[in-house]
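Asks: Here is how the chains run, residue by residue.
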Amino acid sequence: MKMIYLENVSKVYPNGTEALKNISLNIDNGEFVFIVGPSGAGKSTFLKLLIREEKASFGKIKVSGYDLMKIRRGKIPYLRRKMGIVFQDFRLIAKMNVYDNVAFAMRVIGTPERAIRKRVKEVLELVGLDGKENRKPSEISGGEQQRVSLARALVNKPDMIIADEPTGNIDPELSFDIMKLLVEINQTGTTVIIVTHEHDLVKEFGRRIITIEDGEIKSDEKYPTKYHRTEADKK
Amino acid sequence: MKIFYLIKEGFKNIWTNRMMSLASVIVLVSCLIITGAAFLISFNVTHLISKIGDDDQITVYLDYDLNDLQSIKLGSQISKIKNIESYSFYSKEDALKQYEQVLGNIYESMQDDGNPFGNAYKVKLQDLSQYKNTVEEIKKIEGVSAVSDRSDIAGKLTKLNYFVTIVGSWVVLILALVTLFIISNTIKMTMYSRRYEISIMKSVGATNSFIRVPFVIEAMVIGLISGLAAAGVICSVYMPVRNAAAGIIGFIGESTFTVEQIMIPTFIVMSSAGLLIGIIGSIISITRYLKKEGGEIIGW
Ligand SMILES: Nc1ncnc2c1ncn2[C@@H]1O[C@H](COP(=O)(O)OP(=O)(O)O)[C@@H](O)[C@H]1O
Ligand SMILES: [Mg+2]
Chain Y
1 MKMIYLENVS
11 KVYPNGTEAL
21 KNISLNIDNG
31 EFVFIVGPSG
41 AGKSTFLKLL
51 IREEKASFGK
61 IKVSGYDLMK
71 IRRGKIPYLR
81 RKMGIVFQDF
91 RLIAKMNVYD
101 NVAFAMRVIG
111 TPERAIRKRV
121 KEVLELVGLD
131 GKENRKPSEI
141 SGGEQQRVSL
151 ARALVNKPDM
161 IIADEPTGNI
171 DPELSFDIMK
181 LLVEINQTGT
191 TVIIVTHEHD
201 LVKEFGRRII
211 TIEDGEIKSD
221 EKYPTKYHRT
231 EADKK
Chain B
1 MKIFYLIKEG
11 FKNIWTNRMM
21 SLASVIVLVS
31 CLIITGAAFL
41 ISFNVTHLIS
51 KIGDDDQITV
61 YLDYDLNDLQ
71 SIKLGSQISK
81 IKNIESYSFY
91 SKEDALKQYE
101 QVLGNIYESM
111 QDDGNPFGNA
121 YKVKLQDLSQ
131 YKNTVEEIKK
141 IEGVSAVSDR
151 SDIAGKLTKL
161 NYFVTIVGSW
171 VVLILALVTL
181 FIISNTIKMT
191 MYSRRYEISI
201 MKSVGATNSF
211 IRVPFVIEAM
221 VIGLISGLAA
231 AGVICSVYMP
241 VRNAAAGIIG
251 FIGESTFTVE
261 QIMIPTFIVM
271 SSAGLLIGII
281 GSIISITRYL
291 KKEGGEIIGW
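In the order they appear, the protein sequences are chains Y and B.
According to this note's numbering, the residues represented by the first sequence are 1 to 235, in order.
According to this note's numbering, the residues represented by the second sequence are 1 to 300, in order.
Hints are computed from structural coordinates only; laboratory data are not their basis.
Computed from a predicted model, the values in this text were never measured in an experiment.
Check the hints yourself; a few may be wrong.
[Stated by the list, open to error] Derived pair list, reagent style DSS-like, types lysine-lysine, alpha-carbon separation capped at 25 Å:
hint : chain 1 : residue 1 : chain 2 : residue 2
1    : Y       : K136      : B       : K8
2    : B       : K12       : B       : K80
3    : B       : K156      : B       : K139
4    : B       : K139      : Y       : K95
5    : Y       : K70       : Y       : K55
6    : Y       : K95       : Y       : K75
7    : Y       : K55       : Y       : K180
8    : Y       : K82       : Y       : K180
9    : B       : K80       : Y       : K118
10   : Y       : K55       : B       : K291
11   : B       : K97       : Y       : K95
12   : B       : K12       : B       : K188
13   : Y       : K75       : B       : K291
14   : Y       : K136      : B       : K12
15   : Y       : K95       : B       : K8
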C-alpha cells in the first residue's frame, strides 16, 4: 500500500522561489527512506508538503489516504496524528520535564490521563530514557533530548516518522544510536523518512536514498544494509 | 480530565503573563466603570423624570380677591380643558395650614383676613408632553393669577437624559472597542509568548479548537475579574456620589435608586459584560493567529 504518493508536484513560494519542480514519487508502507541533497535543494520543502505545513502549488499529493490538494483545514490535525515529526532542534518545552514533554503530545489530542501514563512509560523505555522522567531538557544531553523528541513523535503510534536533520545537533556517536533507534522503529512497521546530509549515516543505514538537487529528484536508489532485514531474512 | 487540563492551562497563561494580565484588568475595569456609570446616570435620570411625572401636579393660583363661590365656578372651567385628568380645590386655609408649624404664634393672627394666600387648584394632567399647551390654556382663564411651572425641571431633565443617552452610547461604544482591542492584544501577546508550544501542539495534531480553549479561558477569567472589580467599585462609590448629588438638588435623594436596588443587577451585568468581552476579544485574536496557513510550525 502506498503511504505517500506524489505526481508532478511543484512548489513555488509566494516570493517566486521554485523550491520543488515537477516531483513524482511513491513511498510504500514500512519503507525506510533517506532524503539527501545540498542545502537549499528543497528537502525541507518536501517534508513541509507531506505534513501540509505548505500546500503544493501544482500536482497531486496524497498522504495516509488524505488528498492534500483538497484536504479541509479542519482535517489537517487528523492527518498530523498519523505522523510523528522530529526536528533538528528537538522542540522540547524547557519548563516541562521529560515525562510531560512526551505526555503533552497525547494531552493535546485529548487522550485520557490513565492511557497517557501507560503509553509514555512504554515509549520512554523504547528510547532508553526510563528513569529520567523527571529531568528537565536542560538536565540531559543533546542525544537524550533528541530521544525525548523521538518518544514524543512515537507516542501517538503514528504510521510514519518524518525527521528533518534529526542528528544535525548531536555528536556523531550519539547520531548513530538515534539512527539505530529509527531502524528499530521501522522494523515494527512504521514508515520512516529522514532528511540528512550526513554521509556516514546514509552509507551505513541507507536503504532507499532519494537525492534532491535544485528542486528535482536526481536519483532514487535502493540498497541492502545489515540493519534492515527483510521479512525473509528474519526467518 | 481534558477540560480540567485546559482550564489549568488557561490559569497558567494568566500567571505567566501576569504583568500583561494585570494591565488589561486595569484598563478593562476603568472602561467598565465608565460604561457602568453612564448607564447608572441614565437609569437614575429616567427614573427621576418618571417620578416627577408621577406627582407632577400643577398648582393653579387664583386671584387673591376671588371668593370661594367664584373659585368653584372657575374650577368647572378648568375641568373643561382637555388633558386634565383630575383637579382638586386647595383653599387658602389649606395653604396657610401648611405653614402652621413654621409660623407658630403668628399663625392665629393670620387667620381669615390676615391670610396672605389665595385659593388654588391642584391639577393633574393626562399627557405630560402636552404640558406647555395645557398650561397656556389654563392661564387664559379669567381669574387665574399664576400657574406653578415644573416643566422647567422636567424639560431640563429630559434634555439631560437625552444627552446622557447619546453621549453615553458613544462612550460605551468607543470603550467597548478599546476594551476589545486591549483584550485581544493581551491574548495575542500570550499566544506570541507561547508560539513555540502552539507550534508543537500543531505538529502533533492538536485541533485549532483545542489550542483555542486555554486562551479563551484566560480572557474569560480576566474579563470576569474585571467585571467583578468594576461592579465592586461602582457599588462602593454609588451612595456617596448619590448623596453628594442630593446635597445639591434635594429631591435626587428620594427619587433615585438605592445601592441595594442596583447592586445585584450591576454585578450581573458587569461580570457578564466582562466575560463577553473576554470571549469575543480572544476569539478574534486567536482565529486570526491560527488562520495563517504556512509558517505554523515556526522556523522550520
Ligand atoms: N517560506 C519560504 N519562502 C520563500 N522561499 C523559501 C521558503 N522556504 C524555503 N524557501 C526556499 O526554497 C528553497 C528550498 O528550501 P528548503 O526546502 O528549506 O531546502 P533544504 O531543506 O533542502 O535546505 C531555498 O531556495 C529556500 O531559500
Ligand atoms: Mg532543510
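Asks: So, for every hint listed, does it hold in this structure?
Replies: Evaluation of the provided hints:
1. As the CA atoms of K136 of chain Y and K8 of chain B are separated by approximately 21 Å, the hinted pair is consistent with the 25 Å bound.
2. Distance check on the hinted pair: K12 of chain B and K80 of chain B sit about 75 Å apart at the alpha-carbon level, beyond 25 Å; violated.
3. As the CA atoms of K156 of chain B and K139 of chain B are separated by approximately 22 Å, the hinted pair is consistent with the 25 Å bound.
4. Simply put, K139 of chain B and K95 of chain Y have alpha-carbon atoms about 85 Å apart, too far for the 25 Å limit, and the pair is violated.
5. For the hint linking K70 of chain Y to K55 of chain Y, the alpha-carbon distance of about 10 Å falls within 25 Å, and the restraint holds.
6. Simply put, K95 of chain Y and K75 of chain Y have alpha-carbon atoms about 30 Å apart, too far for the 25 Å limit, and the pair is violated.
7. Distance check on the hinted pair: K55 of chain Y and K180 of chain Y sit about 32 Å apart at the alpha-carbon level, beyond 25 Å; violated.
8. The straight-line distance between the Cα atoms of K82 of chain Y and K180 of chain Y is roughly 22 Å, inside the 25 Å bound, and the hint therefore holds.
9. Distance hint between K80 of chain B and K118 of chain Y is unfulfilled; the C-alpha atoms sit about 93 Å from each other, more than 25 Å.
10. Between K55 of chain Y and K291 of chain B the CA atoms are separated by roughly 14 Å; this keeps the pair inside 25 Å, and the hint holds.
11. Under the criterion of a C-alpha separation no larger than 25 Å, the hint pairing K97 of chain B with K95 of chain Y is inconsistent with the structure, at around 85 Å.
12. Annotation: proposed proximity of K12 of chain B to K188 of chain B holds, straight-line Cα distance about 16 Å (limit 25 Å).
13. For the hint linking K75 of chain Y to K291 of chain B, the alpha-carbon distance of about 14 Å falls within 25 Å, and the restraint holds.
14. Between the alpha carbons of K136 of chain Y and K12 of chain B the distance comes to roughly 19 Å, so the proposed pair stays at or under 25 Å and holds.
15. Between the alpha carbons of K95 of chain Y and K8 of chain B the distance comes to roughly 16 Å, so the proposed pair stays at or under 25 Å and holds.
Figure legend: structure checked against the earlier numbered hints; hints not met, in rising order: 2, 4, 6, 7, 9 and 11.
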